[in-house]
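Protein chains in written order, with full-length UniProt numbering: chain A, 1 to 135; chain B, 1 to 351; chain C, 1 to 383.
None of these hints come from the bench; they were simulated from the model. C-beta: ideal position from N, C-alpha, C; glycine also. Misleading hints may appear alongside valid ones.
To be verified - Quick list of the computed label-pair ranges, beta carbon to beta carbon:
id	chain 1	residue 1	chain 2	residue 2	range
1	A	H23	C	K199	51 to 61 angstroms
2	A	G83	B	D314	35 to 45 angstroms
3	A	G83	C	L307	22 to 32 angstroms
4	C	H63	B	F205	55 to 65 angstroms
5	A	S65	B	T334	26 to 36 angstroms
6	B	K347	C	N171	44 to 54 angstroms
7	C	T126	B	K257	51 to 61 angstroms
Unchecked claim - Not the full set, but computed from the structure, chain A residues with beta-carbon under 7 angstroms of chain C:
id	residue
8	V20
9	V86
10	A88
What the hints assert, rightly or not - 16 angstroms max Cα-Cα, derived EDC-like pairs, lysine to aspartate or glutamate:
id	chain 1	residue 1	chain 2	residue 2
11	A	K10	C	E237
12	A	K112	A	E53
13	B	K91	A	D113
14	A	K11	B	D152
15	A	K10	B	E105
16	A	K11	C	D284
17	A	K112	B	D51
18	A	K79	A	D113
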Amino acid sequence: MEAPRHWRLKKQRYSLTGEVCPHCSAKIFPPRDVCPECGQEAKTAFQFSGKGEVFSYTTINDAPSGYQEQAPYAVALVKLNEGPIVTAQLTDLGAEPVRIGMPVEMVTRRIKDDGNERGVILYGYKFRPVIAGPR
Amino acid sequence: MKLLIPEKPVGIIGYGAYIPRYRIPASEISRIWHGDSDGMPIKEKSVPGLDEDTITMSIEAARNAINRAQIDPKELRAVWIGSESHPYAVKPSGTVVAEAIGASESISAADFEFACKAGTEAVIAGMGFVGSGMGDYVLAVGMDTAQGRPGDVLEYTAAAGGAAVIIGPASNALAVIDAAYSFVTDTPDFWRRQTQKYPEHGQRFTGEPAYFHHLESSIETFFAETGTAAKDYRFAVFHQPNAKFPQKLGKEFGFTKEQFQTGLLSPMIGNTYSGAVLLGLSAILDIAEPGDKIFAAAFGSGAGSDTFSFTVTDQIRLRRSLAPSTQAYINRRTEIDYAVYARHRGKYVMN
Amino acid sequence: MNTNQEKKQVVIAGIGMLPVGEHWDLSLRTLGARAVRKALADSGNLKPDAIYIGNGLANILSHQANLGALISDEAGFSGIESCTFEAAGASGAAAFRAACLAVQSGLIDVAVALGVEKITDCDGSTALTAQDLILNYEFEGITGLTVAAGAAIIAQRYISEHLLDHSIFQNIALQSYQHAQDNPNAMYRNGLTAAMYQKQSIKNDPLGLFDISSLADGAAALVVTREELIPVESREEMVRVLGSANAIAPLSLHDRHQLLQYSAASQSAASALRKAGMSLNEVDLFELWDANSIDTVLSMEAIGLALPGKGWQTENIILNSMGGCLGRGNPLGASGAYQLAEAVLQLRGQAGACQIAQLPKRALVQALGGLGSTAITHILGHG
Chain A
1 MEAPRHWRLK KQRYSLTGEV CPHCSAKIFP PRDVCPECGQ EAKTAFQFSG
51 KGEVFSYTTI NDAPSGYQEQ APYAVALVKL NEGPIVTAQL TDLGAEPVRI
101 GMPVEMVTRR IKDDGNERGV ILYGYKFRPV IAGPR
Chain B
1 MKLLIPEKPV GIIGYGAYIP RYRIPASEIS RIWHGDSDGM PIKEKSVPGL
51 DEDTITMSIE AARNAINRAQ IDPKELRAVW IGSESHPYAV KPSGTVVAEA
101 IGASESISAA DFEFACKAGT EAVIAGMGFV GSGMGDYVLA VGMDTAQGRP
151 GDVLEYTAAA GGAAVIIGPA SNALAVIDAA YSFVTDTPDF WRRQTQKYPE
201 HGQRFTGEPA YFHHLESSIE TFFAETGTAA KDYRFAVFHQ PNAKFPQKLG
251 KEFGFTKEQF QTGLLSPMIG NTYSGAVLLG LSAILDIAEP GDKIFAAAFG
301 SGAGSDTFSF TVTDQIRLRR SLAPSTQAYI NRRTEIDYAV YARHRGKYVM
351 N
Chain C
1 MNTNQEKKQV VIAGIGMLPV GEHWDLSLRT LGARAVRKAL ADSGNLKPDA
51 IYIGNGLANI LSHQANLGAL ISDEAGFSGI ESCTFEAAGA SGAAAFRAAC
101 LAVQSGLIDV AVALGVEKIT DCDGSTALTA QDLILNYEFE GITGLTVAAG
151 AAIIAQRYIS EHLLDHSIFQ NIALQSYQHA QDNPNAMYRN GLTAAMYQKQ
201 SIKNDPLGLF DISSLADGAA ALVVTREELI PVESREEMVR VLGSANAIAP
251 LSLHDRHQLL QYSAASQSAA SALRKAGMSL NEVDLFELWD ANSIDTVLSM
301 EAIGLALPGK GWQTENIILN SMGGCLGRGN PLGASGAYQL AEAVLQLRGQ
351 AGACQIAQLP KRALVQALGG LGSTAITHIL GHG
């Protein structure tokens, strides 16, 4: 069990909280001390909308330990509307085939149990096809 | 005076539904357990995905409610989750939900449990909190991923889903809460002990002495004290463990099908327990017009009933399109068979 | 500045490899020590001053850290300098570069670079999970991503952007398996037909079974020293280290500005060539990374051997002449050492049935770690 490392990342994991660089305005996810665009210090929190599209993807059948009960599952690079790309599982795909360019939205889901059924439940972002229908 | 009416008028500022996308038809459950295919309590029920639980579903419903409320989540002063399927026996669901939706740290967070009325219980607490002036906004969620023992009659109906509401000052409400009432007795019709996976129930004892007695008592008192009757409401929603009970109850009090069919979702998605009445309310708010009066009556085993009256305001027109409708979630549907259902609900022993 | 120095000084005096495969009867320490002793024997029994060990996963799979003391002592060299270098798939190459730098500095006269990996101590899923440690755990591993799946995500984008399909990977796999047939240290020696390839199971779309290398046990070692320490009459035949460079790129796929550009591979190859004072067209033989076939495609493009979208067309160069990771098998932290030792065999003319007809003079050997996030390139050659 490794509660501290996940606890530290909860804001990023639960809600895609990243940063905006105060120097060059680049949107940054995950947050980091040095802006990857301009190399200056970055630490201003920024809330991403969670909307984006599939940049690339694959399907995992041979899952690593801790993920086998979820297999098969799709993992994608999702390009957020604000710019950055994040790695995330796709969920709630139904019968819809994944494709590059597919519009997706962030949801907060169970990522895995830390340890077995006795451990902490880890929650974090995944993406799903945008819900259709009246809003 | 038995009614619960806060000093400062309060109402629903925002609401949000959530229903997972998977459905298992009752006929499929019957196929496995050789049930009586004529007497299906519902058509089909919703089943959560492998990565869903009461916390994740509450987060989505809460985000929808915040979008409709048009408030900064930092303005919330309490985050309360009502459920009989909290993922942890000990550790609050509310703190995860609060963190995920971006609430501030200066809040009250707690989990409510009262079988199927844990959600409305949180709403009543929220009315008191806001109505007393302790805070402007409270998030109250009723959400469940209910389990039924394989082969048990509850397996046909025990479903997943629910809704979140944000309680706030009536001046900013899309539906003002006119009054509430709560009626409870010690009646063991349905329960689940601490480490048990599946609940027990009193079979036919769950009907007359439990569901009907508590709802009837609650509704009778509410009508008497408010001086209202079925005809005064455009919509009504009752706790709906199946399709039959709420319709029988509604008719007893003179409600017509036109009044209760909008909020009657159990035939399509099953019994969402703590989520049921708030989800039905969400479906009603999706189509209600300013001035409409809505009646809601929840039931929780153990046992008790909460009743409410709402008056819809002009705000509804501006806000309801700011999040997916209840129907959008009902329409998002992937049918699964019993084998996949068993996997989703953790009925296979993996280790 | 030291172009000439580097070119003149460091020579490879010996190499030793164990067959790649499932060594159920050998521990990590035995694998490593045997490869060291083989390489030293090949060098005419030079006495090492230092042993640098490249290893990726012993901490997890063998419950073993502190390999320097473990393996060097096992090989019979208590008292010398030894420690471990880790750079995922490039660990063996990192140990070799460390050995070259040590020898070139003059502080060490004879150094052994060992790459060793013991995969089969655990069940397959544990090994797979351990390999995923080379990803960014907090933002990639946590999603359930695996290394092969990461490669597949790159491949999916590649074929989409260039309007291709997964058949472009066939040639790389067929070539590697064909070359491995004649390599006595290779794990897959039965060849691969186009029909078999086309019927393969797709593991991580678009990559199939034969596009993804198999992890296996292995150990390979190289002995390096300075030319001045070699008897004059032996100097002519020695393979020299003409250039060496290591470069990194963002670890996470999502942090890369261009997913389809292996920038570290590009920078490290250019830098190694510059140090060798050579241009690309002077290279006779290429050992490029092929843990997953898309790695080779993007390495080809990064190094400048192919235009973007054409990296799968490898017909015009001599590539992975002894089977690469796909055909030889992939003992992760040892693979970089195998690549170098195999190139030495070719340059010496000792590659047996794998020997390239016209004796090559210059080889470019590049190992990648973590889906192109680390790239270590060496230029080997004669005089």
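Comparing the hints with the structure gives:
no. : hint                                : verdict
1   : A:H23 x C:K199: 51 to 61 angstroms  : holds, 54 angstroms
2   : A:G83 x B:D314: 35 to 45 angstroms  : holds, 38 angstroms
3   : A:G83 x C:L307: 22 to 32 angstroms  : holds, 28 angstroms
4   : C:H63 x B:F205: 55 to 65 angstroms  : holds, 58 angstroms
5   : A:S65 x B:T334: 26 to 36 angstroms  : holds, 28 angstroms
6   : B:K347 x C:N171: 44 to 54 angstroms : holds, 47 angstroms
7   : C:T126 x B:K257: 51 to 61 angstroms : holds, 60 angstroms
8   : V20                                 : violated, 17 angstroms
9   : V86                                 : holds, 5 angstroms
10  : A88                                 : holds, 6 angstroms
11  : A:K10 x C:E237                      : violated, 60 angstroms
12  : A:K112 x A:E53                      : violated, 24 angstroms
13  : B:K91 x A:D113                      : holds, 15 angstroms
14  : A:K11 x B:D152                      : violated, 41 angstroms
15  : A:K10 x B:E105                      : holds, 14 angstroms
16  : A:K11 x C:D284                      : violated, 53 angstroms
17  : A:K112 x B:D51                      : holds, 8 angstroms
18  : A:K79 x A:D113                      : violated, 27 angstroms
Taken one by one, the earlier hints fail for this structure at numbers 8, 11, 12, 14, 16, 18, listed in ascending order.
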